[in-house]
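Order-wise, the sequence lines are chains A and B.
If you use the working numbering, the first sequence closes out at 149, no skipped numbers anywhere.
If you use the working numbering, the second sequence closes out at 1317, no skipped numbers anywhere.
It should be emphasised that the hints constitute simulated quantities derived from the structure, not laboratory data.
Given the structure is predicted, the values throughout are model-derived calculations rather than measurements.
By construction, the Cβ of each residue, glycine as well, lies at the ideal position given by its N, Cα and C atoms.
Where hints are given, some of them may not hold.
As the list claims (entries may be wrong) - A few chain B positions that, by computed beta-carbon distances, are all more than 12 Å from chain A: (1) Cys1026; (2) Leu1046; (3) Thr1069; (4) Lys1100; (5) Asp1119; (6) Gly1149; (7) Glu1176; (8) Gly1189; (9) Arg1231; (10) His1239; (11) His1293.
Stated by the list, open to error - Here are the simulated lysine-lysine pairs, PhoX-like style, with alpha carbons at most 25 Å apart: (12) A:Lys123 / B:Lys1202; (13) A:Lys98 / B:Lys1268; (14) B:Lys1010 / A:Lys123; (15) A:Lys123 / B:Lys1235; (16) B:Lys1206 / A:Lys47; (17) B:Lys1202 / A:Lys147; (18) B:Lys1010 / A:Lys98; (19) B:Lys1235 / A:Lys144; (20) A:Lys98 / B:Lys1206; (21) B:Lys1200 / A:Lys98; (22) B:Lys1177 / B:Lys1292; (23) A:Lys147 / B:Lys1235; (24) A:Lys123 / B:Lys1206; (25) A:Lys146 / B:Lys1178; (26) B:Lys1007 / A:Lys98; (27) B:Lys1007 / A:Lys47; (28) B:Lys1010 / A:Lys47.
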Amino acid sequence: MSKGVLATDKRGMRELGAEDKVGWDEVTKGVVLDSFEGDASDVVHQKAEERHYTDFNSYTATVASWRIIKPVYNRDICIDCQNCWVWCPDTSIISRDKQMLGIDYDHCKGCGVCVEVCPTNPKSLLMFAEAEDNDEALAGWPQKEKKAK
Amino acid sequence: MAITSIKNLKEFSTNNDRLEGAHLLCPGCAHSMIVRELMNCTDDNLVISSNTGCLEVSTAVYPYTSWDTSWIHIGFENAATAVTGAEAMYKARKRKGTLKDPDAPVKFVAFGGDGSTYDIGFQWLSGAMERGHDFTYICLDNENYANTGGQRSSATPIGATTSTAQAGTHSYGKKEKKKDIVAIMAAHGAPYVAQLAPNKWKSMAKGFQKALETEGPCFINTVSACTTEWRFDPKDTIHVTDLATDSLMFPIYEIIDGHELNILYRPKNVIPVEDYLAAQGRYRHLFKPENKHVIEEIQKNIDAYWEMLQRREEARI
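With the rest of the complex left out, here is chain A:
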């Protein structure tokens, strides 16, 4: 295995830029992978954009190529209930200050759990084909469904 090229490449992770990394078979016992540059004692109080991730942290990788369908978010209908945030398995719902901001398409795998747990009518998250344009999807958003009596 040459340095910097990974067996995980074909699973959709990006190719590593850092040439100084060693292959897995060269790793010695007790090695530590640091998630952050420098002092990481207050990470719990830092939002993702304030943190200093190293290349070892999977935040810097992407699994976007796993998706065949993607969730599209409609801000106009959302009530910020945060159901999607708590049940997202991939930490891909961006919520800041009790507000839902959008979807992290680098880490979303397109499972569709967020759409299923969305309580609004019509849903403020819907699944579309990966190739479809987000603006087009928003333009054709379904209308409110009447409850069958």
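Starting from the known structure of chain A, fit chain B onto it as the hints suggest.
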């Protein structure tokens, strides 16, 4: 310890996630929902160790790690041992005054799948519980060895087909009952033992906080619906978990000090277990006429267990 607010989801959502995305768990896996929730329950530093299983191999694929906390990569059976070792060392260094930041609160948590908790890591876990370290062990129970292709474990319930207990013309899948790990752990005299489910996020968060706050060894069994081996669509993870808790296949309850049992969730409408079984491919064969008796048996077991829980709650023994 600094616990975070779980009054409502909006307040809970102001926490900053410490499990990063781009781990390699399957789409719709409940493992990461549970792990994220545990880490969002507290502001304290965490020392985490994972038994080998889906969670470990998917969150630490070299050269990446998805953990923003200290995390120890260890063997199949000994996450409990590793984390109790770390805890013992932490206490010793605190006593000797050699810690860099002695006032920083630290919690010790071990994760294991059902294979490593019910079977392979059982004596390690039992030993750690008996020694009485201050740690929390969380079992992510998906009822089979999902990481290696869905073999039968002692957590697999009756009637489920697995790759080593297959349903066919001569068999209806696994024939043995599921091990009652919660009762076994409560019998260790652990101060806090619970069974929780991710669809009831609030009771789960409360249980996690209670376990982290309680001094001594705590055990929590969590239901982790497995889209790959239970064979349902990834988007239905929460739906299937709802069916599991509402059919009482997975009752949600806690046991304090080995005797005080509290039921944490009583479904308004208890659904028949058929609904839960029908939602998953691994039980499909049970709906053939010759296997109907297995469904009846499962329902009978569930009813008996629920009766037992209610009686124990009432009797406080």
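Original post:
Taken at face value, is the distance from the CA of Lys1235 of chain B to the CA of Lys123 of chain A at most 25 Å?
Top reply: Holds, because 15 Å separates the two Cα atoms, which is no more than 25 Å.
Original post:
Do the alpha carbons of Lys1010 of chain B and Lys47 of chain A lie within 25 Å of each other, as the hint requires?
Top reply: 16 Å, holds
**OP:** Measuring Cβ to Cβ, find out whether Gly1149 of chain B lies farther than 12 Å from everything in chain A.
**Re:** 18 Å, holds
**OP:** Would you mind confirming whether the straight-line C-alpha gap from Lys1235 of chain B to Lys144 of chain A stays at or under 25 Å?
**Re:** Distance of about 22 Å is within 25 Å: holds.
Subject >> Lys1007 of chain B paired with Lys47 of chain A [C-alpha distance capped at 25 Å] >> reply: 21 Å, holds
Original post:
In terms of Cβ atoms, is chain A entirely out of 12 Å range of His1293 of chain B?
Top reply: About 33 Å separates His1293 of chain B from the closest Cβ of chain A, which puts it past 12 Å; holds.
Original post:
Is Lys1200 of chain B within 25 Å of Lys98 of chain A, Cα to Cα?
Top reply: 20 Å, holds
Original post:
Does the structure keep Lys1010 of chain B and Lys123 of chain A at a Cα separation of 25 Å or less?
Top reply: 19 Å, holds
**OP:** Take a quick look at whether Lys146 of chain A and Lys1178 of chain B sit within 25 Å of each other, Cα to Cα.
**Re:** Violated, at roughly 44 Å.
Original post:
Within 25 Å, alpha carbon to alpha carbon, are Lys123 of chain A and Lys1202 of chain B?
Top reply: Holds, at roughly 23 Å.
Original post:
Does the claim that Glu1176 of chain B lies outside the interface with chain A hold up, using a Cβ gap greater than 12 Å?
Top reply: Per Cβ check, Glu1176 of chain B is outside 12 Å of chain A; nearest 31 Å; holds.
**OP:** Verify the proposed pairing of Lys1007 of chain B with Lys98 of chain A, using a straight-line Cα cut of 25 Å.
**Re:** OK: Lys1007 of chain B and Lys98 of chain A at ~13 Å, within 25 Å.
In this structure, the hints that do not hold are numbers 1, 2, 3, 4, 10, 13, 17, 24, 25, in rising order.
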